[in-house]
Amino acid sequence: MEAATHQVSSGGRPRLGRSPASRLPDRALRYGLTALSVAVLALLAYFFVKLAVESRLVFEEEGVLSYVFANNWNVADSIYGALPLVVGTLITSALALLFGVPVAVAVALFLTELCPRKLRGSLTIVVDLLAAVPSVVYGLWAFYFLIPKLKPVEQWFADTFHFLPFVAIGSVPGPNYFIAGLVLAIMLLPIVCAISREVLATVPANLKEASLGLGMTRWEMIRISMLPYARRGIVGASMLGLGRAIGETIAVTIVIGDSPTLGHSIFGQGYTLAAVIANEFNEAAANPLHKSALIAAGLVLFVLTLLVNSIARFAVMRSERQSGRPIAGGGGL
Amino acid sequence: MESGSLATELLRPPSPRRRRTDKAMRALMWTATFIALVPLVLVLYYTLKKGIGALDWEFFSTDPTGSFLGTQGGVKSAILGTLEIVGFAAVVAVPLGIGVALYLTEYGGRGRLAQAVRFFVDVMTGVPSIVFGLFIYLVLVLGGTGGSTFAGWKGSAALALLMLPIVTRSSEVALQLVPGSLREAALALGAPRWKVVLRVVLPTAASGIVTGSLLAIARAAGETAPLLFTSTIVKGTTFDLNEPMNSLPAQIFQDLKQPNDELVQRAWGAAITLIAMILTLTLVAKLIQRRSRGKGAT
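Protein sequences, first through last, are from chains W and A. Position 49 of the first sequence, counting from 1, maps to 431 under the working numbering, and the rest follow consecutively. Position 211 of the second sequence, counting from 1, maps to 338 under the working numbering, and the rest follow consecutively.
Careful: at least some of the hints might be erroneous.
To be verified - Computed footprint of chain W on chain A; a stretch qualifies when at least three of its residues, placed anywhere within it, have a C-beta under 8 Å from a C-beta of chain W:
1) 180–191
2) 199–211
3) 234–248
4) 318–324
5) 341–352
6) 375–388
Unchecked claim - Calculated cross-link-like contacts (lysine-lysine; reagent style DSS-like; alpha-carbon spacing at most 30 Å):
7) Lys150/A to Lys176/A
8) Lys203/A to Lys500/W
9) Lys384/A to Lys203/A
10) Lys531/W to Lys362/A
11) Lys203/A to Lys533/W
Claimed, not checked - Partial selection, computed: residues in chain W whose CB lies under 7 Å from chain A:
12) Ala403
13) Leu411
14) Phe429
15) Lys432
16) Ala434
17) Arg438
18) Gly445
19) Val485
20) Ala488
21) Leu512
22) Pro516
23) Pro610
24) Asn661
25) Asn691
26) Phe696
If you're looking for bench data, these hints aren't it; they were derived computationally from the structure. For every residue, glycine included, the Cβ atom is placed at its ideal position computed from N, Cα and C.
Given only the sequences and the hints, what does the whole structure look like? Please build it.
As structure tokens, then:
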């Protein structure tokens, strides 16, 4: 600071004025950073346009609607209806939410409310570490550990509860929707947990104290005053997790079974949008229509995650505004 | 939080049913936390058990041979490739990310442009990594930018796209925590704006920014999908970023389903290496975060 004052007064100018030369870095920084930000926007726009242009071929060939909703993905016959992929993506993500979110919210509640203070810090880090395991390692583990270990359990479940919809299947294949959903659940758990934790931390202390003061038990306090207050934020956290699950590629590619058909059971083999790109892109490079179909899959994926994330951000932002505290979701990002 | 004597008179203690529910729900939360930790322990344990046998000097010092029979070699090229690709991505993405975050907190404020940037950076956070890979493939690989098709730096570009929004988002939060009074004090002392931003605001937020950047690097280091068709999977070690380059996640993906026990074991060994690298980064990041929180910078 001292240096700055010195520089100004030695310029022979009015004490509080600054020479144009010394204002230059000011402007440079301001405009430089603004230009950088605009460049990021431009890049994203170019990104979208590029994907759209490159996937035009398949949309012209198949029509946009029948690309997305036709149930026929047949590379050999050059027919590209991505419904099995879209449905596969939705099934696995839905399963992931079903398994992952309740546990994640319960863990978040545990960490904010029940956990002994001494344990809290280290336990939080440990849960966050779930996000540090690379997706390919989850895939590797699921393929060699989860699939063989769970197969008998899945078979038993499918046989015993065959009357439930989407459960019955003759013999459970190793890789299937269920396994993929389970792996995704593990992967989205730290994200949902981290953001839920931050949202729960924004519940005003006086609200909680008032509840306890009225003679509520801990659980009643959580159910009656915390969860309703944090509901929107938790929904947002789940949606962010959903966005992640939709776009997750490698772990799913390893355990989904690579079968571009509509599975009739959650234990059936399937395919997802992301997995089909990862698996087929190398062979598709020489076939323009196939390539364009895969890029279109990427575009659908992009639009899907865009929708989900916008809703999620909106929800989290609302609860941010409600409490006036920024929510970064540090561990989850 | 203890209820006073008046309250205990006024309020009956919770009925046994309410108390049972409370106990049950508490138990459920304990269980959930336990369940959440099971996969982590299992993954780490199983990976160590399967892969520890693969780790020897040869594993770290030789390249994959790719021969059908005989010795399969180690993962030297993959380890070096990951370091190069991720390192270059970080060199590009971290300063840019911090720059955007500085714009958002110091200049953009609540303006329309800043809000748009904020929104689209969030959008970018959600873009699946494989779509970034596709984009880079279309633009840089097909375009033959730099006189090469597949190249290490193109993998870095895909990872940089992935890291940029994460760095921006976390840096922005860290910068917002810098008290406004600090900026005002520096300005009142006559420091020009750019100096306030670069010398006062940035250092104050440094630990948060470093944490966020390290987490972003850790996240990018584990990504496979964007590398598959940008830097691809090769055998040899190269220090030329303009050549196809191997990487640990891609190598694991390649070896994973091979009908050769040696290759599968190499995948597990590579998984240990990758996890060790990422865990170290993550833990360092968390420690920095904890330390700065301890200093009372909330």
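Index of numbered hints that the structure contradicts, given in increasing order
Structure breaks hints 1, 2, 7, 8, 10, 11, 12, 16, 17, 18, 23, 24 and 26.
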